[in-house]
Each structure stands twice: as structure tokens, then as C-alpha cells.
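Number of protein chains: 2
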Amino acid sequence: MLLINGRYGHCIEAADRGFQYGDGVFTTLPVLAGHPIFLPLHLMRLAGDCGRLGIPFPGDSVLEPEVRQLCRVKSHGVLKIQITRGAGPRGYRPIADTQPTRVLSLQEHVSHSCQASEQGVRVKLCRSRLGVNPALAGIKHMNRLEQILARSEWDDVLIREGLMLDNAGALIEGTMSNVFLVVGGRLVTPDVSECGVAGVMRSVVLALAEAEGIGTEVRRVAVDELGAASEVFLTNSLIRIWPVVALDNLAWTVGPVTQRLHRQLVARIRAETGGTV
Amino acid sequence: MLLINGRYGHCIEAADRGFQYGDGVFTTLPVLAGHPIFLPLHLMRLAGDCGRLGIPFPGDSVLEPEVRQLCRVKSHGVLKIQITRGAGPRGYRPIADTQPTRVLSLQEHVSHSCQASEQGVRVKLCRSRLGVNPALAGIKHMNRLEQILARSEWDDVLIREGLMLDNAGALIEGTMSNVFLVVGGRLVTPDVSECGVAGVMRSVVLALAEAEGIGTEVRRVAVDELGAASEVFLTNSLIRIWPVVALDNLAWTVGPVTQRLHRQLVARIRAETGGTV
Chain A
783 MLLINGRYGH CIEAADRGFQ YGDGVFTTLP VLAGHPIFLP LHLMRLAGDC GRLGIPFPGD
843 SVLEPEVRQL CRVKSHGVLK IQITRGAGPR GYRPIADTQP TRVLSLQEHV SHSCQASEQG
903 VRVKLCRSRL GVNPALAGIK HMNRLEQILA RSEWDDVLIR EGLMLDNAGA LIEGTMSNVF
963 LVVGGRLVTP DVSECGVAGV MRSVVLALAE AEGIGTEVRR VAVDELGAAS EVFLTNSLIR
1023 IWPVVALDNL AWTVGPVTQR LHRQLVARIR AETGGTV
Chain B
783 MLLINGRYGH CIEAADRGFQ YGDGVFTTLP VLAGHPIFLP LHLMRLAGDC GRLGIPFPGD
843 SVLEPEVRQL CRVKSHGVLK IQITRGAGPR GYRPIADTQP TRVLSLQEHV SHSCQASEQG
903 VRVKLCRSRL GVNPALAGIK HMNRLEQILA RSEWDDVLIR EGLMLDNAGA LIEGTMSNVF
963 LVVGGRLVTP DVSECGVAGV MRSVVLALAE AEGIGTEVRR VAVDELGAAS EVFLTNSLIR
1023 IWPVVALDNL AWTVGPVTQR LHRQLVARIR AETGGTV
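As you go down the protein sequences, you meet chains A and B in turn. Using our numbering, you'd call the opening residue of the first sequence number 783 and step up by one each time. Using our numbering, you'd call the opening residue of the second sequence number 783 and step up by one each time.
One should not assume that every hint holds.
So these bits of chain B aren't anywhere near chain A, every CB distance computed over 12 Å [unchecked claim]: (1) 829; (2) 839; (3) 904; (4) 1030.
Listed below are the simulated DSSO-like cross-link pairs for lysine-lysine, each with C-alpha atoms no more than 30 Å apart in a straight line [said to hold, decoys possible]: (5) 922(B) / 922(A); (6) 862(A) / 906(A); (7) 922(A) / 862(B); (8) 922(B) / 906(B); (9) 862(A) / 922(B); (10) 906(B) / 922(A).
For the record, the hints were derived by calculation from the structure and aren't laboratory data. Glycine included, C-beta positions come from ideal geometry on N, C-alpha and C.
All chains, please: the whole structure from these sequences, using the hints.
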């Protein structure tokens, strides 16, 4: 089910800069019992990302009613909101008077089993690296070839995610998730000011940790630090928290910090749905 | 005028991975008197770029008749050919059985005046840098946000192009063109194995230079070398060759190597059209 600029449809103009150049941003969130989870955070992220690329943000007053409209028709699913710079003439230069395009899609949620959240997942280290570009870092933009190349590296269904490094060998993120380490009882996640995506769930988990009195560090993380971590986990808005239990010859158990944050997160999401989920 | 998978139209599926992730490649070429200039080179480039991204190439036997079909309807213009990985389910992972999408558009050529070719152009040095990613380098892919950010840096119509450096400060290319320097009588152009696009016109000009007995070097070019260059010029399939005459406080004249290559190129293009242009 797709709403394109407020109308049901499934097609966009080939001249849209989203299709021509990947000139847009997006966010993805679960809808549970009719509730778009953490919607205000996702709208804030979209607004911020649009701002950084100079794409006029359509505004919460436009997007939120459209989200609610979809959630009334379909109460469970995965909602993706894309904002592009809209259709324009040939050439990279953005034209001042183009109207942004907004595409809201609400699809069936391919449910990630509870098993992954409870028992943890196996991951791999991708050969594909992330290029450094501070001007694009942090933004969830529509230029996703690096992630596609990385995700193409394996098809073993037992490996649920791949970790990616930057060119200098620093750990940055998963192909579709952010990564957290517990080191000396503190929660550490890579800085994403040079490359990577600043996920909404990443910010939620950092806030939960602070509320729980768990020390947090956002900084450069050398890949070797994985060996020193007592716990490792992944986050995104759909998977929430996946403990990592294996990477090559490294192994972890599902640890107390991960479990505590996961419990808090489940409670927060339950509160978002008015206690119905 | 657009041919989408062989049919006239102007819309693509929102689920197309070209729109979702910029998961595709493209090439742009002029059509003159019904002749798509250097079409075999452009098709070869598309095939190579698709191969590197693991996108099934539709094949010359499919694309060439579609190009000819458009050129019969409109004999002058700019032809853009896009190949995407096609529509697929959510997620970065490419699915084996997706059908690639091909979009051919033939638009009015916004004619670049002869003045630019003959008298040269003024350029600027962009603040936006190119991130290094050898897996994507050279490919004319649909992830173009770096070029968009760079091209957003100026709106002075007297500045016709911006030069871009990589993170280490090496000169790579223009936002929409490749760059050549003449240093000590030899033709030098930046290596694009870490970032940048390997333009079709870049390879044509390198071949012309070799045929003319002009020594060529494809290598790392420090931005400081611009100061030592006796001539500088830009290439792409539409502008062909633009001599650069000014960059900040640097100035060049339209030099003999540039003029010689330009004459050879015009002759080659004239031959492509059967002498009609």
C-alpha cells in the first residue's frame, strides 16, 4: 500500500531525482496495532536529513496525517517514508522550485523471530568498506550501493548481518543496523560523523542507557575492540535489539546490559501502543 | 520521450531498486542527425558497470534497437540510458530473479555554446570531497549525492564546472566531467580506481592522444599540479572538450594540445554521423 504525494498509487516519475540520482532520504519504522512506533523521532530524523541535503521538508503536518491514514487501513506492518528532491531537469544542480516527492509505503512485516532477540545472532565481517564523507555521514539517504555490495557478500541464512568498517579499519555499523559494544561495563557505539547512519533506534538505545545509569561512549571504535567487548548487539527500528553471539572465531553470550536495555525498550514500545502490544 | 522496458511511458515502479537505493547505472550521449555518438562504447561501459554491480545486463541486442527506435523519432538530443536492478522486496540484498529495469530517455539537447569549446571556461574548486570506495570507483552509478552537494556550491553562471578532490586532496574529476592536464607536453588525467567516474569521453580522448603520439599518464594527481600544468581541459560526452582558462587565481590559455585533440575529436564525431554534422 503506497501513498505518493497523498494519493494511492505505485508509480513515480522517471524524472524524479530519487530515481535519477538517489537524491532523497528515508526512514523505516514498525506499525503495531495501528501505532507507528516512535513516529515523532522518525519525522525529526527525516526533517534533519532533508535539511542537510537542502531538500524542502514537507512538514509533520503533511506527513503525520498520511501516516495515520495508512495505519487505519493496515494496523500492522513496516512503514517506509521516502522524501526525494522531486522531478527536475537533467543535471546534478538542484533547482530552487522543485517540489519534493513523498512516498509512504506500508508493507507486510516479515516478522523477525523472537529467537534472534533472545538467543542472539551470528554475524560476519564484510570485505566491503564504507567510504568517508562527512557531508553525507549520519544521513539515511537513498545512495545505498555500499550497503548493497556488502549485503551481497553472503547468502548463508544463519548469518543475519554483516559488520562494516571504514577505509581506515574502524568499525562503523551493520549493513542495515547500528552496532553497540559493552566494554568495561560501558556502552560504546561508533561515531558516525565520517560515515554510517545515525539510526533512530541507536539514539533511543543511547537515551535508554543514560536513563538506566549506564555510561555511554560515542567514539571511534577499532575493529579489534570487538575482542575486548563483553557484549555486542545490533539495533534498528524493526529488529530492535539483536544480541550478537558469534563473529568468525569470536563468541559472546547474551549479556546483562543487552538484556536490560532490551527489556526497557520493549516496555517503551508497549507504552507507545497504549499497552496493547 | 521515454522508453521504459521497451514501452513508451514516464513512470517507474516505486519499488524499483533504482528509486529505493540508487541501485543502478547510467550513461549519457548525444544524438546528432539520428546518430547516437559512440554508442558501442556507451553500451560497453554499461555492460561493464552492470557486471561490477552484479546487475544482469539486458544486452546490446535489446538496447541497440531501442536506441535506434528513439533516434528515428527524434534525431537530435541527449540520450540517457539507465539500467537498474529492477523491482524487488524490501532489503538491501539483491534477489537472484529480479528483472533489471531499462529506461531510455531522449531529451532536447540544451546546446552548450561553441564559445565554451573555443574560448574556454572558468571553474571552481569544490569544498565537497569524494569518498574513497574502490568497489564503486569508475562506475557511473546512480548514487550521485556527492556530485549534487558539489554542484550545489555555486550558482554563478560564469562558473561552468567545479573540480573535486578526494579526502586525501588528490584531484579526481569535475562534478559532471573528467579532467585532463598537460604537464611537460604529456597528457595527464587522474586515476579513478579509488573514486570518480571513468567517462566514455575520457577513454576516447586518451585513445586519440595515443594515436596522435602524445604521451599519456593515468595516475594520482595532486591538486597543486594544476599550477604546473600548461593546459587544463574537461571532457564528457555532451560537452566534448572544454578548455579551462581560469580557476581562482590560476589562468591558462587554450593551448595547442587541447586544440589538437579537439580537432581530432570533432573529426571523429563527424565520421560517426557519416559527415553530416
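How the hints compare with the structure:
1. 829: Non-interface label on residue 829(B) holds, nearest chain A Cβ at 18 Å vs cutoff 12 Å.
2. 839: Consistent with the label, residue 839(B) stays out of reach of chain A, its closest Cβ about 16 Å off (over 12 Å).
3. 904: holds, 16 Å
4. 1030: holds, 21 Å
5. 922(B) / 922(A): holds, 21 Å
6. 862(A) / 906(A): holds, 27 Å
7. 922(A) / 862(B): Between residue 922(A) and residue 862(B) the Cα gap is close to 27 Å, so the pair holds against 30 Å.
8. 922(B) / 906(B): holds, 22 Å
9. 862(A) / 922(B): holds, 27 Å
10. 906(B) / 922(A): holds, 29 Å
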